[in-house]
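Student: Below, each chain spelled out in residue letters.
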Amino acid sequence: MVLIWGIPSESPIQRLLDELDTLGQPYLAVNQRHFSETALTLTVDTGGTLDGTLTYQQQFYPLTTITGLYIRLTDDETLPEYQCLAGSDPLRAHARQLIQRLMIWAEWSGCRVVNRLSAMASNNSKPYQAQFIQQHGFLAPDTLITNEPTDVLTFCQHHNDRVIYKSISGVRSIVQTWQANSEPDRLALIRHCPVQFQHQVDGFDLRVHVIGELCFATRITACATDYRYALQQTGESAVLTAYDLDDELAQRCVELSRALGLDFSGIDLRITPDGAVYCFEVNPCPAYTYYESHTGQPIAARLAEYLSDHDAYYQRIWRL
Amino acid sequence: MILILCHLHDADARWLYQRLQRATSPESVAIISTDELLYAHRIQHTVSPSGVDFRFHLQNGRILEKKDLSLVINRLCYIDPLIWKWVGTQQYQYVSQELNALYLSLLHALTAIPLYNPPTATWLGGRHLSPAEWQLLALRLELPIPPNWPPADEPAQPDQRVLIVDGQLLGELPTGISLASCQQLAGQSGMPLLELQFTDAVFVQATPMPLLQPYGTDIIDYLLTSTANGTHLGHTERIAHSTPA
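Top to bottom, those sequences are chains L and D. Quick note on the numbering used here: the first sequence kicks off at 40 and runs consecutively. Quick note on the numbering used here: the second sequence kicks off at 13 and runs consecutively.
Hints in this document: simulated from the structure, not taken from any laboratory. You may find that some hints are simply not true.
[What the hints assert, rightly or not] Only pairs whose alpha carbons sit at most 30 Å apart, straight line, appear in this in silico DSS-like list of lysine-lysine:
1) L:Lys-205 to D:Lys-78
2) D:Lys-97 to L:Lys-205
3) D:Lys-79 to L:Lys-205
Just chain L, with the same shape it has in the complex:
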């Protein structure tokens, strides 16, 4: 059985459930908002093998029956059901303990998990992740993180004013261009908190979704600095099309994803006019439905096969 834990109305979960239905695979979707009706007990045998029981809406599910787990959690504190609890309400502690136990089980059970929290954390620091990206044969854009305005000016000059800035951490920010002599008063603000600047690389964007060993590449055509905000930045939406990835590049994407411990990832690439491959980041919890809905690529279907350990998944990998 596949266990899905999150908010079922979110489109990545909804699409996954649709495809599990199509496959006829048994699953249980635990709504994170229903934490008061959920309990998880864990046990361990003398050899350290994990077991236990999930209780959800008065039904009992032995953990040994779960072969695949998809986690897409929201911060408890943002849930209306949690926010309305008094500070001393024991349900708060229960909700925290529930997630802690889920994490232990996800990390240590050996079950197929999309994705383990420890692996997802690499996206909390883009320059940290960039170091892994470089180790796996991808180029990372020339990057400067600084709180010194004169260093930014030098960096801009070095890159002929083709520079963007964005967050260092996993906090979502809109990628924007920066030019050496624009807004010196704003630039001075970086003295209060270092900012990440990067060489703006020419080329077209590719989003590669890696599911285990399968890749789906989507080409994004947009004039915007950040295609996710193309409509706001240029007045025109980005155009997404399916893209054939060559085997060597697909293999590198699989290896990068594996090195980061991710069973499912969304890798952001830019291919330069001379064919060099830059990698900006690896998203550990990709909102894949945006790409699927524009291209018809069967990402949710393959994810469902992967999580349920379906024969069809292996037939595709081995090209049978």
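Chain D: place on chain L using the hints.
Tutor: Leaving out everything else, chain D in the frame of chain L:
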């Protein structure tokens, strides 16, 4: 140069600094607090095809560069930009995440030199596991753990501790505890320096951020032996660590 990175309140880091400085020379050892890092007046961290580098100009005039470091004792847990609490929760949280992302990358850039301990994506101080997870890992390595796993609360104060540094044991193991299992635990956690804690000769948890003073001259001697081998003072020819016990 040996660099100790720590929080202001870290008495064990200061003790280590004083003891190492006394045993070597004042310029061979430096200690820098999170506050000094936080208020550095010039920070440069670069990622480029030629590698990953950093350079810090601290308020006291000291310049910290990656190339000068030969051994780093990392005692950082979390960079808390307290001053930003005055400007509102959202800004404070944003700056916290940005700074911790920066220092995670900086520390990771040091993993090519001896680093006790390397950060993980979840914690600047290294492998961050709950007592339940440490016990589970220990059990799989045939170390005895308390009954009734998972533990409901934080384990009681341990009555015995040992340190595993680069596979070497500092301290005395409880009777019946396998050294090989302890070494495997440290190895599997990815922490070159790990303290294992026991109560009534049963493993209760481990930490990559232990108190250091209880190990007294043993930990100082270990680090000095390494430096005497030319490993940690920036000598160009490095000599491998001595064979683990």
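Student: Determine for every hint whether it applies to the structure shown.
Tutor: Results of checking the hints against the structure:
1. L:Lys-205 to D:Lys-78: holds (24 Å)
2. D:Lys-97 to L:Lys-205: holds (22 Å)
3. D:Lys-79 to L:Lys-205: Since the Cα atoms of Lys-79 of chain D and Lys-205 of chain L sit roughly 27 Å apart, the hinted pair holds (cutoff 30 Å).
Of the numbered hints given earlier, the model fails none.
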